[in-house]
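Visitor: Once you've looked at the hints, dock chain X against the given chain F.
Each chain, letter by letter, is given below.
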Amino acid sequence: MRHIFPRLSLRLSPPQDPPEDRLTLPGLSASDRERRDTVPIIIALVVAIAPHVPGLPLWITAWCILMWGYTLIRLKTGWPLPRPLFCYLLTFFAIIGLLANYRLAIGADAFVGLMSLMAAIKPFEMPTHRHKMITILLTYFIIITSLFRSDSIFIVLYMLFSVFVTTLAMIRINAPDRDFSHSRNLSAKILAQAVPLVMVLFLVFPRLPESLVGVQDPSQGKSGFSESLKPGQISNMALDQTPAFRVEFQSGIPRPDQLYWRGVVFQDFDGLTWRPLAGSRFLPLGKNPDTSDSGITAYTILMAPHNSHWLMALDRPVKGPRWAVVGRDRSLRARIKITKKTQYQAFSRLPGSRQRSLEPPRIGKDERNAAYKLRSTIDRFKHLNPKTRSLSREITAKTATPSEKAAALLSFFKENNFVYSLSPGRSGPHPIDDFIFNSRRGYCEHYASAFAFMMNAAGVPARVVGGYLGGEFNPYGGDLIVRQSYAHAWTEYFDDTRGWIRVDPTGTVAPERLTVNPDGSSPRALTGDVSGISFITKTRFALDAVNLRWESWFTGYSYFDQQAWLNTLGLFKGNRATTAALILLTITGLCIFSAVLAWQFRRKKPQQDPVADAYETLRKKLSGANLVPEAGQGHVAFLKGSMAKRPDLAPEISKIMDLYVSLRYKRQAPASALAEFRQRIKRFRPKLFPKTKERD
Amino acid sequence: MSQAVETMVDQVSRVILGKRYEIRLALACFFARGHLLIEDFPGIGKTTLAKTLARCMGLKFQRMQFTSDLLPGDILGMSVFDQNTASFAFHPGPVFTQVFLVDEINRATPKSQSALLEAMEEGQVTIEGETRPLETPFFVIATQNPLEQAGTFPLPESQMDRFLMRISLGYPDREAERRILTGEGSNGIMETIDNCMALNDVVNIQNEVANVHASDHFLTYLQDILEFTRTSPEFQIGLSPRAGLALLSASRAWAYILGRDYTLPEDLQEILPWTAGHRLKLNRDLGHLQREKLMEIFSKVPVPV
Numbered sequence: 001m002r003h004i005f006p007r008l009s010l011r012l013s014p015p016q017d018p019p020e021d022r023l024t025l026p027g028l029s030a031s032d033r034e035r036r037d038t039v040p041i042i043i044a045l046v047v048a049i050a051p052h053v054p055g056l057p058l059w060i061t062a063w064c065i066l067m068w069g070y071t072l073i074r075l076k077t078g079w080p081l082p083r084p085l086f087c088y089l090l091t092f093f094a095i096i097g098l099l100a101n102y103r104l105a106i107g108a109d110a111f112v113g114l115m116s117l118m119a120a121i122k123p124f125e126m127p128t129h130r131h132k133m134i135t136i137l138l139t140y141f142i143i144i145t146s147l148f149r150s151d152s153i154f155i156v157l158y159m160l161f162s163v164f165v166t167t168l169a170m171i172r173i174n175a176p177d178r179d180f181s182h183s184r185n186l187s188a189k190i191l192a193q194a195v196p197l198v199m200v201l202f203l204v205f206p207r208l209p210e211s212l213v214g215v216q217d218p219s220q221g222k223s224g225f226s227e228s229l230k231p232g233q234i235s236n237m238a239l240d241q242t243p244a245f246r247v248e249f250q251s252g253i254p255r256p257d258q259l260y261w262r263g264v265v266f267q268d269f270d271g272l273t274w275r276p277l278a279g280s281r282f283l284p285l286g287k288n289p290d291t292s293d294s295g296i297t298a299y300t301i302l303m304a305p306h307n308s309h310w311l312m313a314l315d316r317p318v319k320g321p322r323w324a325v326v327g328r329d330r331s332l333r334a335r336i337k338i339t340k341k342t343q344y345q346a347f348s349r350l351p352g353s354r355q356r357s358l359e360p361p362r363i364g365k366d367e368r369n370a371a372y373k374l375r376s377t378i379d380r381f382k383h384l385n386p387k388t389r390s391l392s393r394e395i396t397a398k399t400a401t402p403s404e405k406a407a408a409l410l411s412f413f414k415e416n417n418f419v420y421s422l423s424p425g426r427s428g429p430h431p432i433d434d435f436i437f438n439s440r441r442g443y444c445e446h447y448a449s450a451f452a453f454m455m456n457a458a459g460v461p462a463r464v465v466g467g468y469l470g471g472e473f474n475p476y477g478g479d480l481i482v483r484q485s486y487a488h489a490w491t492e493y494f495d496d497t498r499g500w501i502r503v504d505p506t507g508t509v510a511p512e513r514l515t516v517n518p519d520g521s522s523p524r525a526l527t528g529d530v531s532g533i534s535f536i537t538k539t540r541f542a543l544d545a546v547n548l549r550w551e552s553w554f555t556g557y558s559y560f561d562q563q564a565w566l567n568t569l570g571l572f573k574g575n576r577a578t579t580a581a582l583i584l585l586t587i588t589g590l591c592i593f594s595a596v597l598a599w600q601f602r603r604k605k606p607q608q609d610p611v612a613d614a615y616e617t618l619r620k621k622l623s624g625a626n627l628v629p630e631a632g633q634g635h636v637a638f639l640k641g642s643m644a645k646r647p648d649l650a651p652e653i654s655k656i657m658d659l660y661v662s663l664r665y666k667r668q669a670p671a672s673a674l675a676e677f678r679q680r681i682k683r684f685r686p687k688l689f690p691k692t693k694e695r696d
Numbered sequence: 001m002s003q004a005v006e007t008m009v010d011q012v013s014r015v016i017l018g019k020r021y022e023i024r025l026a027l028a029c030f031f032a033r034g035h036l037l038i039e040d041f042p043g044i045g046k047t048t049l050a051k052t053l054a055r056c057m058g059l060k061f062q063r064m065q066f067t068s069d070l071l072p073g074d075i076l077g078m079s080v081f082d083q084n085t086a087s088f089a090f091h092p093g094p095v096f097t098q099v100f101l102v103d104e105i106n107r108a109t110p111k112s113q114s115a116l117l118e119a120m121e122e123g124q125v126t127i128e129g130e131t132r133p134l135e136t137p138f139f140v141i142a143t144q145n146p147l148e149q150a151g152t153f154p155l156p157e158s159q160m161d162r163f164l165m166r167i168s169l170g171y172p173d174r175e176a177e178r179r180i181l182t183g184e185g186s187n188g189i190m191e192t193i194d195n196c197m198a199l200n201d202v203v204n205i206q207n208e209v210a211n212v213h214a215s216d217h218f219l220t221y222l223q224d225i226l227e228f229t230r231t232s233p234e235f236q237i238g239l240s241p242r243a244g245l246a247l248l249s250a251s252r253a254w255a256y257i258l259g260r261d262y263t264l265p266e267d268l269q270e271i272l273p274w275t276a277g278h279r280l281k282l283n284r285d286l287g288h289l290q291r292e293k294l295m296e297i298f299s300k301v302p303v304p305v
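Protein sequences appear in the order of chains F and X.
Going by my numbering, the first sequence opens with residue 1, and the numbers climb by one from there.
Going by my numbering, the second sequence opens with residue 1, and the numbers climb by one from there.
So here's chain F without its partners, still in its complex pose (with noise of 0.2 Å):
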């Protein structure tokens, strides 16, 4: 029987205060108020930030876990908040952590990772309603930013997810009396009456030609070409199985062994680095083709952001997108650095066979001269790999054509024991030397830098093309997974009757390559075909599908779909006049839209008595003191409770809260009493810091 004594003294103890003190309504005591909030606002957080984490620096994320850590075992212990003056501090090696970690490079990156490293340390300082309310709004923040990683379906429903668990830690702090369900079914339905209003503004809200307002995050999209090719640059790609782009195909999908994908092509080659010929022109593009003819194949790409130039497209393009240029080299260049998530439609004619040319023999004049300038830059290189080039002319000496001196040299790698590898080890000062003669051991770039080294010294011109050889087929989707690790190079010499003319010298050595991606996967088309598959596989597939539609709705929506229809609508003629004014447009429109919703929920509460609506003024005007009362609370006891915690604004509020008294619960109030109540709270301005700096 003892042991209940304890428990039972704390119930029929009540406060000893003497009843002057205890005007407040006994609520919930400061710290169960503080855990009440402060759980909610950690989780929304941490909600938040999860999809962050695999992109920051391991020691941000440690941070957030000690400092939210220690947030919430404080709650059970009761150990002390950090002073204001160790806030400072962390805020201060913050700072340097991040510029130790990003140095200059401040991009997307570096901001979400700010973002994360003050709102680890934000529960530090939540001491009122405004503060937490900040921190909901951060927290709201750093969801958007979620979209710097990806928009993928995936992302964006989780997204939708956060959102709704930061609204419910919204009516939880706003609201503590509801209980859980009643909460979780309003956050719910607030996301549910946000819907239209995004999807309308999504359609609707102007979008730029270009990405003039976005954020242009040097960081991004390091991954993939650059350009210029040097040994041992696309071997290290070969591990990286993020997506480079993806491809839809309007016909139907080409065989294994076409879908070499054009990127970058090198014409200058000064013995160790391939580099695009400087100033070489591009050109304006022509007519859409005619994709009746049964050489042209059209296909949609959507390609991850590289921070360069160049475009994918099937060797070889005819016609890229408006936005784009076509060079003197048959590559697709676009105006603008891609530096985000981009869609694009491109034609192409593919050859009939491997040894076909890959243009109709219609070789331009400039065409011809850059094939002969590109031998004469070989030439001037003559101290480079001179052993190569004297191997080269003395196996192509008994050939007189190019196609022969290239069959040639391509039996030279066939009869000799090349081996085809990810890991060639190092070379020298003289790479092709080493690799022809040492090593014969490499990787595409190995093959295709020395064939085109030893085509161009036997006396053909020959250039080294940089793409992607392959591709994973989607069997649900019916789309082509082109990932960084088929990153491939390959030749192309100058044939003056036929012009140019691909040759893959891997393909000589790892016939396999040409059928079969690096990872494996096959590039071989199999719609509705998934038995072989495994199950992990085919779940993959399918949400990589699901994935591949949103996507190609979600970036694809750009500036001329939405100026597309909004023109057969007959709204808006394409011009940048009409932009601003339908940006001018749906401003005036949310504007409105907001008005009429705020005068919507004015309505709703008509209030006819002059004390009421003084008082509403005057609790407002406290709110902006971050003088807020509990819930339930009385008046008087608000009024006593900010008296007592702004001593500063003490006399003001006493006087206004004797009026109030008197017109509301006194048996007669003066007759002046109103007046001077209206009065008193309209020329009530009180701060929101006391003037002396008394903190807390």
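Note that these hints are calculated values from the structure, not bench results.
The reader is advised that the hints may include incorrect statements.
Covered stretches of chain F (in silico footprint by chain X; criterion: 3 or more residues with CB under 8 Å from a CB of chain X, positions within the stretch not fixed) [to be verified]:
1. 611-621
2. 631-638
In silico EDC-like pairs for lysine to aspartate or glutamate, Cα to Cα no more than 20 Å straight-line [as the list claims (entries may be wrong)]:
3. K293/X - D179/F
4. K300/X - D37/F
5. K300/X - E616/F
6. K300/X - E34/F
7. K300/X - E630/F
8. K621/F - E676/F
9. K293/X - E34/F
10. K189/F - D179/F
11. K300/X - D177/F
12. K640/F - D658/F
13. K293/X - D177/F
14. K293/X - E630/F
15. K666/F - D261/X
16. K645/F - E34/F
17. K687/F - E652/F
18. K300/X - D32/F
19. K666/F - E208/X
20. K640/F - E616/F
Residues from chain X that face chain F, not an exhaustive set, calculated with beta carbons under 10 Å [stated by the list, open to error]:
21. D216
22. H217
23. F218
24. Y221
25. T263
26. P265
27. V303
28. P304
The C-beta atom is built at its ideal place from N, Cα and C for all residues, glycine as well.
Guide: Positioned in the frame of chain F, the structure of chain X alone reads:
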């Protein structure tokens, strides 16, 4: 803060140490012409409180220990045949007093309990067909032991309603306990308690309390509270109109004690746990309604502006 009341609280506090808040509540209950139920363990000082209050106000005091073999006649009194006058003479029971302390009210049978409860409600008793008025003021302080439930007859809800307030004294805090142990507030001091007011004063105070102004706005809040107990799913049954009247008079008394002649919603909030706690039952939790829990529930009712 009403000066007369504070003097009284000071006096009583000399005996009951460290319980000023509870003493004020008991006084509020008395000034509101209500009756008080103290739920507490033995030895906390219930009897001392009742005695001191009576003495302080110069009122007559009676104490009665309730037992299971108690009969209504033992409380109310009975007529006894007088051989000398050859007639029945009425011998009034202990209920004919001004402050009546009933110890362990739940030990008596329902029959005896109801005899007392009728006296409390009506202010009169009917014995053998004759109605006899009780003295004014009449103030019942009943106690029960919350722990020992074996062999008791718990008061039914309807009769709980007759008590304006239910409070607990609770253990003294450490400092007060030390003062008790060093001999302060021992029995001898009771004799030195001054008589703070005349009989008239007590009645006057009760009349003044009844005249404390309850504005429309206050009544709106009171009605909101009543409405809330009747509609909220938290409670089994809502507060009765009698409970509403009890809340009103208790609020008035509390406002009076704080020296005001008008009520504030804060007064109502202050006496709410003690006045409504024993009249309400939660739907989910059938246990004792704790003050904190009750206040948390009532914080959902906004105070009208």
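Visitor: Hints first: check each against the structure and report whether it holds.
Guide: Hints, verified against the model:
1. Given a C-beta distance limit of less than 8 Å, the hint that chain X covers the segment 611-621 of chain F holds, as 4 residues qualify and 3 suffice.
2. Given as covered by chain X, the segment 631-638 of chain F passes the check, having 7 residues with a CB less than 8 Å from a CB of that chain where 3 are the minimum.
3. Taken as a hint, the K293/X and D179/F pair is honoured in the structure, with Cα atoms around 15 Å apart against an allowance of 20 Å.
4. Of the pairs offered as hints, the one joining K300/X and D37/F holds, with about 17 Å between alpha carbons and a cut-off of 20 Å not exceeded.
5. A threshold of 20 Å between alpha carbons decides the hint, and for K300/X with E616/F the separation of about 19 Å falls inside it, so the pair holds.
6. Distance check on the hinted pair: K300/X and E34/F sit about 18 Å apart at the alpha-carbon level, within 20 Å; holds.
7. Under the criterion of a C-alpha separation no larger than 20 Å, the hint pairing K300/X with E630/F is consistent with the structure, at around 10 Å.
8. Taking the CA atoms of K621/F and E676/F, the gap is near 17 Å; set against the 20 Å cutoff, the hint holds.
9. The straight-line distance between the Cα atoms of K293/X and E34/F is roughly 18 Å, inside the 20 Å bound, and the hint therefore holds.
10. For a cut-off of 20 Å, the pair hint linking K189/F to D179/F stands: about 16 Å separates their Cα positions.
11. The hinted pair formed by K300/X and D177/F meets the criterion: a straight-line CA distance of about 6 Å does not exceed 20 Å.
12. Proposed proximity of K640/F and D658/F is supported: the alpha carbons are some 11 Å apart, at most 20 Å.
13. Pair hint K293/X plus D177/F holds up; C-alpha atoms about 12 Å apart against a cutoff of 20 Å.
14. A hinted pair counts as satisfied when its Cα atoms are at most 20 Å apart, and K293/X with E630/F qualifies at roughly 16 Å.
15. For a cut-off of 20 Å, the pair hint linking K666/F to D261/X stands: about 8 Å separates their Cα positions.
16. A distance of roughly 18 Å separates the Cα atoms of K645/F and E34/F; the hinted pair therefore holds under the 20 Å criterion.
17. A threshold of 20 Å between alpha carbons decides the hint, and for K687/F with E652/F the separation of about 13 Å falls inside it, so the pair holds.
18. For the suggested pair K300/X and D32/F, the alpha carbons sit about 17 Å apart, so the restraint of at most 20 Å is met.
19. With a C-alpha separation of about 15 Å, the suggested pairing of K666/F with E208/X holds against the 20 Å cut-off.
20. Of the supplied pair hints, the one linking K640/F and E616/F holds, its CA atoms being roughly 17 Å apart against a limit of 20 Å.
21. Here the hint on D216/X is kept, as its CB sits about 9 Å from the closest CB of chain F, short of 10 Å.
22. At about 5 Å, the closest approach between the beta carbon of H217/X and any beta carbon in chain F falls short of 10 Å, and the interface hint on this residue holds.
23. For F218/X, the interface hint holds, the least distance from its beta-carbon to any beta-carbon of chain F being 6 Å, beneath 10 Å.
24. Evaluation of the Y221/X hint against chain F yields a held restraint, the C-beta minimum of about 8 Å falling below 10 Å.
25. At about 7 Å, the closest approach between the beta carbon of T263/X and any beta carbon in chain F falls short of 10 Å, and the interface hint on this residue holds.
26. Hint status for P265/X: holds, given a least beta-carbon distance of 4 Å to chain F, under 10 Å.
27. The closest approach between the C-beta of V303/X and any C-beta of chain F is roughly 5 Å, which is under the 10 Å cut-off, so the hint is satisfied.
28. A cut of 10 Å between beta carbons decides the hint on P304/X: the least distance to chain F is about 8 Å, and the hint holds.
In this structure, none of the earlier numbered hints is contradicted; all agree with it.
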